[in-house]
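Each chain, letter by letter, is given below.
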Amino acid sequence: MAEAILTTLRDTWSGYVEGLRLVIPRLLAMLSVVAAGWVIAALARAVTGRALGWLRVGRLAERTGTAELLRKAELPPAERLFASAVFWVLFLGFLLAGLDALGFETLAALRSEVGLLVPRLVGALAILAVGLVLANVVWRVVLLAAVNSGWPSARLAGGAAHLLTVTVAAAMALDHVGFARPIVLIAFSLVVGAVMLALAIAVGVGSGPLVRRLLEERLARHGRSESDGSSHL
Amino acid sequence: MSTILSDELLSELMAVGQVDVLVGLPTLNHSDSVGPVVRAAHVAFNRELARERTALVNVDGGSTDGTPDIVRDASIVDRETLVASQSLRTGHRISAPYHGVPGKASALRTVFAAADLLQARAVVVLDPEIASVTAESVVALVRPALAGEADFASPAYARHPLDGPLVTQVVRPLFRAAYGLPLQEPLAGEFGCSGRFASRCLDEPVWESDDLRLAIDLWISGMAAGDGLRVSEVGLGPRRLTARPRPAVAALVPQVLDALFTSLRLHEARWTSLTRGSLPLRRSTRPASLPEPGTTVDAEAYAALFGEGLAALGPMLERVLPSSILDALRAAAAPAGSVRLPDELWAAVLLELAASHRHATISRDHLVRAAVPLYLGRVASFAAEVEGLDPEAADERLEALCRNFERSRGDLVARWTAPAR
Amino acid sequence: MPDDLWYKDAIFYELHVKAYSDGDGNGMGDFPGLLTRLEHLKGLGIDCVWLLPMYPSPFRDDGYDISDYCAIHPKYGTLEDFRAFLGAAHERGLRVITELVINHTSDQHPWFKEARSSRESPKRGYYVWSDTDDRYRGVRIIFRDAEMSNWAWDPVSKTYYWHRFFSHQPDLNFDNPAVREEIWRVMRFWLELGVDGFRVDAVPYLVEREGTSCENLPETHEVMRELRRLMDAEFPGRLLLAEANMWPEEVRPYFGDGDQFHMAFHFPLMPRMFMALRLEDRKPLVEIVERTPAIPSSCQWGLFLRNHDELTLEMVTDAERDYMYGEYAKDPVARLNLGIRRRLAPLLDGDRRRIELMNALLLSLPGSPFLYYGDEIGMGDNVYLGDRNGVRTPMQWTGGWNGGFSTADPERLYQPLISNPVYGYQAVNVESQRRQETSLLNWTRRIIEVRRSTRVFGRGSIEFLNPVNHRVLAYVRTLGSERVLVVNNLSGTAQAVELDLAGLAGAIPIEMFGRSLFPRIRERPYVMTLGPYDFFWFKLRWL
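Residue numbers (our numbering), protein chains in the order written: chain W, 1 to 233; chain S, 1001 to 1421; chain A, 2001 to 2543.
No wet-lab data here; the hints were simulated from the structure. Hints should not be assumed to be uniformly reliable.
[What the hints assert, rightly or not] In silico contact screen, one side only, chain S against chain A (beta carbon under 8 Å); selected entries:
| id | residue |
| --- | --- |
| 1 | Thr1003 |
| 2 | Ile1004 |
| 3 | Leu1005 |
| 4 | Asp1007 |
| 5 | Leu1010 |
| 6 | Ser1011 |
| 7 | Leu1013 |
| 8 | Met1014 |
| 9 | Gly1017 |
| 10 | Gln1018 |
| 11 | Leu1117 |
[Said to hold, decoys possible] Listing some non-contacts, in silico: residues in chain W with all C-beta distances to chain S over 10 Å:
| id | residue |
| --- | --- |
| 12 | Met1 |
| 13 | Ser14 |
| 14 | Val23 |
| 15 | Pro25 |
| 16 | Leu31 |
| 17 | Leu92 |
| 18 | Leu144 |
[As the list claims (entries may be wrong)] Derived contacts from chain W toward chain S, CB cut-off under 7 Å, selection only:
| id | residue |
| --- | --- |
| 19 | Ser112 |
| 20 | Arg140 |
| 21 | Val147 |
| 22 | Leu233 |
C-beta: ideal position from N, C-alpha, C; glycine also.
Use the sequences and the hints to build the structure in full.
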């Protein structure tokens, strides 16, 4: 009996040691890959940050209003954010490669899934980022045009344009990731439809005559001469 | 190497040879208005400049409405003028396309190149959109350079003080603050100059710049502030523009502001380093102010637009104007329906806008559009200020505004040259 | 800011003090008289005046035999007169260079008198002595019409002394440090007075070595390098101009690495200009310019048509010399010392067009031009006056008493005026030509003005276009982005020429005198027509 126990223990421990003997090199390999990945990702972050600074991306972000948005969201400035994104994407890639080095099949499967997801995620983030910038630009353009044309509720018009653009961008981003597609589609349609309906009601029904009169008064006040600015020269 | 002068134009210039007076006429689809301008130049050549060697050079940007043919065929129509006109020399009238991006900048560059090659003593550039061009006005613009008295002759039009507020409230005072040159019409589309001035402009390296296309008229006026140049102002009568549709105020104001600020940027080395005071101008008799304004100013509507614009564009304006100025503007907007924008505040606003444009604090296009309500507020304020005053007294107020801007020159240079906020 | 390379843009004017203007009425030109004529030089557009020797001298070689280096010949005035003239010239922006005749002195110079007095004299080593005339055998004789040998017997010290020129001009011994020190003292004397530089006479002959031609020896360059170094250290911006009648590649060493002479005359070019004109063929001219080696960027060639000497034909082949004699000096009396002793206008038969063309070449080829006094009005010469005196006659200022040169009796003049009906002072004088807008004087003033409007002529490179028509000499001068096209018709008949200007396609030629526009240059050959002896200078602009 004692011998059986000893044999079992011996076999178990030798198996265990054998397992360790197999795993430890892989673990070391994984750690070295992750460490190297961290260094490379950090370097890339530094280089990206420098490059973006040299390209004056910060100024561009200020001018387009993106910087303001980021400040409101308590996010770091645009160039740091982007550099961080570069860091994390690269580091994640090395992390997955490191996991691969461990040789576990389940992990390999997970890595494949993540590997497929990450590019789409990056794409979605890019779509969202572009959408946010565009929304800001659209907001300004609509607002300025409305103000300078004497349009009533210029702020409402600018805000609506901004909301619409952000909604479209968000929907496109979620669709790109493939996340709950039917729900996203329905929600998007509802939001856009509601905005359009509200505007239609505001202009055509109920306060339609009031709005119409206001518009006419405004336009009459400007007079035909304001359609020709030569008197200002 | 790209050329300024087309072969067609060059061969015509060769035939002309040296001239005393060159009249440049840039056109692009001006068939409706160019005829009288050409006739005015023709009468000027034949009557007042009969002994001089003259040439009319029409540089066309590719008209599709027959403008060059009209230029070539336009002649003196009334018998009386025909009989009285006796030029001693062969008249030269050239119409040829110019190279480069269609626009006044390329056209003027071609005119200056022609003037340089023909060694013109005096050059006059006419604007086909000005309907009030006469032979007398052409000669008036030619004389200072022809007599060797000036290198640049700017027109001064008879106006009512309430007319042309974009010029009187914005362009004129800021131009004066920057260059120390008290021109009445820095934005005039017509002017006279010496051959020397034309050559100097031609030698500037900015002709390929996109910015120049926007700001050519103001850039030319800014060149007149250059070292060693003599500037004169010539009194012409009231100015009438042709009946062409022009941009609405909402589009015109941003255009002019963009041009003004861009021209300051193009010339920044020149005007930021000036240490002298106001340049003396040779002036012919300043035309008397017109008794009545050309159009009425709807001060109430402008004041309302000013208030609404200020409110709606607050977040945007916070990026370009200091809070003290913004608060002062908000205070100026109350009580609603009226606005009092004093000279000092208006000068501060324009200076900040100019500097923000220079540094592109926000998109330049957005900045100049955001300035429209502020401009309308200033127009309303000025209209209220001079209500009841006679034109001479109102003119005095305009002069006071310009002097105010001159006093702010130091601030303008400091803000312009400081790093971006 | 002073321009140390001023000589690259300068127009030089050579004159003889004795021949220019007499201020004291003794029949010989002097410094007071010369001072009164500075406005003429200024008006002409001259930048620098080169004075022929004005030092005390027995005048056996027209002043090139110097008996006192640090004084002014009494006939020309005093040192004070010279100072006054120099000051007046500088006030008008005119520079002045003088002669530095250092190869030899007059035998009347105190140095030589002392040197010959005894073999133990401390000055003995200042000159080159020999007990026999066998040394330096085979060295050529320069004044072969006047001398039989380069050695002369000195009856005083009973030895021979070396002389490359006239026998009364013993050569200094530059192997002697004391001689070099003396020369530097002489230079310093004049530089301190304010002269702007020196034309160094007969520089190739300074040093002798057995078994050589005794010309252009390395030791000569050492001497010049030393003098240049001393001058630059104390008097920067002054000029050293070499007179070295050699082939261009032999003159090249005199520039050193920009550490010897600033300038040197281009002797071989001059006869070829005359030859090209007579042959109606650009070949001799193009060949010599293309043969001319590159020189340091701070250095410059000096170009000239005529000067105080004979039109030298040393630097041509025998066949070329025969041709030149046959065309330009049919009368042997005009020939002297392998050259032709005539002025510019008589050489060109008084043909205004040829005179203009030659001046145009002088002013447009690479180098700084030297005008000889009187050539601006087309003065004539007198070949019967002996030696080279025929081209050194009094300047003709007016048609009146002594041509306005002097108030003295005509018989008292140092030399008679030219008085024949064609070139005489009554017909050819400054005053008449000043009043006539189309005169040669006014034309010369205008062409100098046009030349001065650009630096490309003095500082630019040259590229010959070689059209099939050999009568047309065409070249492009380039300096940075500036380009000038020069086209010359060397023949007496109208010519048409096709020029390959593809490399300049797009440019507009603007004729520089009237600023007329010519058709734009294209890839295809550019056809031009020129009248007899016509020339064009085109500024090329890309517009």
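Evaluated hints:
Evaluation of the threonine 1003/S hint against chain A yields a held restraint, the C-beta minimum of about 6 Å falling below 8 Å. Restraint check, isoleucine 1004/S versus chain A: the minimum CB separation of about 5 Å is within 8 Å; hint holds. Among the interface hints, the one on leucine 1005/S holds; its C-beta lies about 5 Å from the nearest C-beta in chain A, closer than the 8 Å criterion. Residue-level restraint check for aspartate 1007/S holds (minimum Cβ-Cβ distance to chain A is 6 Å; threshold 8 Å).
The interface hint given for leucine 1010/S is met, as the beta carbon of that residue sits about 6 Å from the closest beta carbon of chain A, less than 8 Å. Checking serine 1011/S against chain A: minimum C-beta separation of about 7 Å stays under 8 Å; hint holds. Contact between leucine 1013/S and chain A, as hinted, is supported at the beta carbon level, the nearest pair being about 6 Å apart and thus within 8 Å. Evaluation of the methionine 1014/S hint against chain A yields a held restraint, the C-beta minimum of about 4 Å falling below 8 Å.
For glycine 1017/S, the suggested interface contact is upheld, since its CB lies about 6 Å from the closest CB of chain A, less than 8 Å. Because the smallest distance between the Cβ of glutamine 1018/S and any Cβ of chain A comes to about 7 Å, under 8 Å, the interface hint for this residue holds. For leucine 1117/S, the interface hint holds, the least distance from its beta-carbon to any beta-carbon of chain A being 6 Å, beneath 8 Å. With 10 Å as the threshold on Cβ separation, the claim that methionine 1/W sits away from chain S holds: the shortest Cβ distance comes to roughly 85 Å.
Chain S leaves serine 14/W outside its interface by the beta-carbon criterion, the shortest separation being 72 Å against a cut-off of 10 Å. Separation of valine 23/W from chain S is adequate, the least Cβ-Cβ distance of about 57 Å exceeding the 10 Å criterion. The claim that proline 25/W lies off the interface holds: its Cβ sits roughly 56 Å from the closest Cβ of chain S, which is beyond the 10 Å cut-off. The beta carbon of leucine 31/W sits about 46 Å from the closest Cβ of chain S, which is more than 10 Å, so the claim that it is off the interface holds.
Once the 10 Å rule is applied to beta carbons, leucine 92/W is consistent with being away from chain S; the minimum gap is 35 Å. For leucine 144/W, the non-interface assignment is contradicted: its Cβ lies about 4 Å from the closest Cβ of chain S, within the 10 Å cut-off. Contact between serine 112/W and chain S, as hinted, is not supported at the beta carbon level, the nearest pair being about 44 Å apart and thus beyond 7 Å. A hinted interface residue such as arginine 140/W counts as satisfied when its beta carbon comes closer than 7 Å to some beta carbon of chain S; here the least separation is about 5 Å, so the hint holds.
Because the closest C-beta pair between valine 147/W and chain S is about 5 Å apart, less than 7 Å, the hint holds. For leucine 233/W, the suggested interface contact is upheld, since its CB lies about 5 Å from the closest CB of chain S, less than 7 Å.
Checked against the numbered hints above, the structure breaks hints 18, 19 and satisfies the rest.
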